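**Q** The chain contents come next:
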Amino acid sequence: MMKKLMLATAVAACAAGSIAQAESLRWARAGDALTLDPHAQNEGPTSALLHQIMEPLVMRDMSGAMVPALATSWAPSEENPNVWVFNLREGVKYHDGADFDSEDVVFSLNRAMTPDSDYKELLASVKEVRAAGPMTVEIETDGPNPIMPNNLTNMFIMDKDWAEANNAVKVQDFEGGEETFAARNANGTGSYKLVSREPDVKTVLTANADYWGSGEFPMQVQDVVFTPIQNQATRIAALLSGEVDFIQDVPVQDLQRVAAASDLKVITAPQNRVIFFGMNQGDDDLAADDVEGKNPLADKRVRMAMNMAINREAIKKVVMRDQSIPAGIAMPPFVNGWTKELDVVPETDNEKAKAMMSEAGYEDGFSIRLDCPNDRYINDEAICQAAVGMLAQIGVKVQLDAKPKAQHFPLISNLETDFYMLGWGVPTYDSEYIFNFLVHTKGEKYGSWNGTRFSNPEIDAKIEALASETALDNRNQMIAEIWQVVQDEQLYIPIHHQVLNWGMSNKIDTIVAPDDAAKFKYFKLN
Amino acid sequence: MIDSLQRAWRSDFLWSFSRSPVAVVSFLVVLVMVLGAVLAPWIAPHNPFDPATLNLMNGFSSPMEPNAFTGDVFWLGTDDQGRDVFSTILYGMRISLFVGFTAVLFAMVLGISLGLLAGYVGGWVETIIMRVADVQLTFPAILVAMLIFGIAKGFTPVHLRDQMAIWVLIIAIGLSDWVQFARVVRGATLVEKNKEYIQAAKLNGRKPLGIMSLHILPNVLSPVLVIATISLALAIISEATLSFLGVGAPPTQPSLGTLIRIGQGYLFSGEWWILFYPAVTLLVLALSVNLLGDWLRDALNPKLR
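Heads up: the sequence lines are chains A and B, in that order.
Under the numbering used here, the first residue of the first sequence carries the number 968, and numbering increases by one thereafter.
Under the numbering used here, the first residue of the second sequence carries the number 314, and numbering increases by one thereafter.
Note that these hints are calculated values from the structure, not bench results.
All of these numbers come straight from a predicted model, not from anything done at the bench.
Treat the hints with care, since some could be wrong.
Covered stretches of chain A (chain B as the covering partner; in silico rule of three or more C-beta atoms under 8 angstroms from a C-beta of chain B) [as the list claims (entries may be wrong)]:
1. 1126-1136
2. 1198-1208
3. 1282-1292
4. 1367-1380
Glycine included, every Cβ here is placed at the ideal spot set by N, Cα and C.
Bound conformation, chain A alone (with noise of 0.2 angstroms):
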C-alpha cells in the first residue's frame, strides 16, 4: 500500500514537473542587465533584459526588422518636414494597471535626452516632443531627420506617474555608482512583468496575462529565470546537465559538444556589433604609460604600428575557433556606410609596424596597461591576452587588467583608461549611431563612450549635420568622408565581428537575433 501511494506520488510529481517546465524557462548568459533603469546605460544585455518588461515605441523583431510597439503608425508630418509623428497604441496598460498614453512618451524621451541618460546621443537632434493628444507623439528636430524612428528601437517607455510617484524622475547616474528605486524596479508595458530581481544572481520574470499582444504574439513561455552565469565550464555544464534552457554565449570551445548532446542544438548568426580597441590618444600624458612627458598613442604611426600588428587571422582561428569574421574598421557589416574597401582587413606586418615605431622615436618599444572587460564579449579576455602577446613583438609591453564590465564600463566612459576593449552593436544599422557615440567629441549631447579623447570640430559638425541631411546620396557621401578621417586617423583598431552561438533545449523554436537580444515573447516551445 505504501508502495502504491509513494509510485502514485512520485508521478503526480514528475507530471507537475513537466508541465511547469514547459512553460518556464531558464536562461543564462555570461553577465547581467548593469541596472533596470532604462535610460541610464545602453548596452546590450542591459536592453535585451528590459525588453522583456518595457517596450518602446518600435521595435526589431527576432529578424531585425522593424515592427510596431507602442506606436502602431509613424509618419513625417505633412506640414512639417521637421516632424515626426507617432500615433499611440490604445488600451495599453503598465503592470500596475495604469494607462498608458502621450504623456508618458513626452516623459520618457526627455528623461532620454537628460545628461545622465546613455541614450541622449539618440536624441541629439531633437528639438522638442509634444503630444498631440492623448494618442498622438510628435517629435520635432532642428531638421528633417529621416531615420528618427530608427533611434527609437531601445528607447523605452516608462509611466510618468511611477517614476514620479518612485523618485525616478532623474536618470540614475550609473557611473558615478548612484543606486535608485528605477535601477532595481521596473514598470512597463511589456510582455513579461518583473516578479524578483537580485542583480548578478537571478532575475524572474512571469508573462503579463493584460499584454496588448497575447493575441498577436506567441507567448508560449511563462515564467523565465534569468541567472547570469560568467564562468564559461559553469555556464556549458549548466546547459549539459538540462539546469538552464538557454544561453545566449555557448563558448566557442563547446559548440561540438552542445551540438552533439542529443537534447540540445546550437544556432548560429552573425552579430551586429564590433569588437576593438580603443586608445587615448588626446592627452598630453598618459596614466597608465611608462613614457614620461608624453603620450605615445598621440603619434598616429604608433597607433597604426599597433593596428598592423594585431593578427586577426590569428585570433579567429585560435581564439573564435572561426567563430568570427575579422575586421578592418569599427563598424559591422549590417551598417548603412559599411563597404568590403572599408572593411579591408590590415596585413599583420610586424617589420613594418617596428619601423614605424622608431620613426616615432619609440624603437625600445612602451610599457602600457589594457583595460579589458572579462564577462562581455565572446573571449574577450582570451583575446585581450592574444593582443599582449602580439603587441610585444613591436616592443610594446602590455599589462593587461582585465575584469567585469559593470567595473570596465565606467572607466571608458568617465576616461579612466588609455586603452581598452569595447564592443559596439548598432541597433539603428546606420552609420550615424556610431559617430555620434564613438566619433563625435564628448560632450553634453554626444559622444559619452568616445574614450580616445580625439576631437575634431569640424567632423563633428559633419556629424551633427547628418540628422538633418534628407538627400540620400549627400548623406551617404558625408558618412563616407567621416569613415574616411577615422581610418586614416586609425582611431580605433578593430577586431572582428562577433558570430552569435545560442545554446538552447530542442523544445526551443526560435531564430537568432542579430542584436543579440533574445525576446520571448516571439518564443515557441515543442
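Start from chain A and add chain B according to the hints.
**A** Showing chain B alone in chain A's frame:
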C-alpha cells in the same frame, strides 16, 4: 666540518630518514621539482612569461601531436595562448615555490618574533598580540589573503602592478599564516622562560633580546620547523587558490593555479591537458611537501619513537 658531517650521518635524524621510504621518495620528488623550477630558464623549451615569444597559432596543440597550423610538437601540449604547458609548469612552479617559501619565511619571522615577545614579556603586550591572533584565526586564511591582496592592489601604482603582484601575494599569504607560529612559539616560550638556564642568563646580565634570540629561540625551534614545512604546502595551495580565483599572479605570468583556471574552461571541449598536467604537478608538489612535514614531525617528537 667533516667531523660535523659524520656526526650528522650517525645521528637519529638521518637514520630515521633513511628508514622511511615515504620520506626519501617525497624528498626526492621535492628536490626534482625545486631543481626544475630553479633551472627553468635553462631547461624549459621557451619562456612562457615573455609574450613576445608566443605564437598564438600554436594554441591548443595536443600533447605530442604536431600543431595543425605550425606543425610544432609540444610534449605536454599548449594552452589557449600557445604557451608550451611543460615550460609554463616549470615557470609556474617557480612562482608557486618562490611565493610559498618566501611567504612561509615571512610568516615565520613575524610569528616567531611576536610569539617570543608575547611569551617572554607577557602583560598587555601578550594580551594584544594573542587577541589579534585569535581574531585572525576566526577568519579563513584565504579570505584574509584576499582582503590584503585587494587592499594592496588599490595602493600599488598601475604600471607597477604586474611586478608587485608576486610580492603582494607573498605578504597576503604570509600575513594570513603567522598566527600558528606565534601561538606555538609563545606556548614554548612560557615553558622555557622559567627554567634555570634562563634565570642564570638573566643573572649574568644578558639583555631580554639576547635571552630571547640566543637562549629561548633555539629551544623552541623544532616545533616551528614542523609547522613551517606543513605551512609551505598550505602556502603553495593558497597561492594556487588565489590565482585560480583570478586575484593572484597576473594572467601574463601564469602560475600553476592560473593554468588550472585557464584549463577548466576547456574541460568540456576535450582539451584536458591544459588543466590536467598543472593540477597533477600541484598535487604531487603539495603532497610531497606534506609527507615530508609529517615525517619531520614524527622524527622530532621523541614520544612517537
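**Q** Hints numbered earlier in the text: which of these fail when held up against the supplied structure?
**A** Number 1 only.
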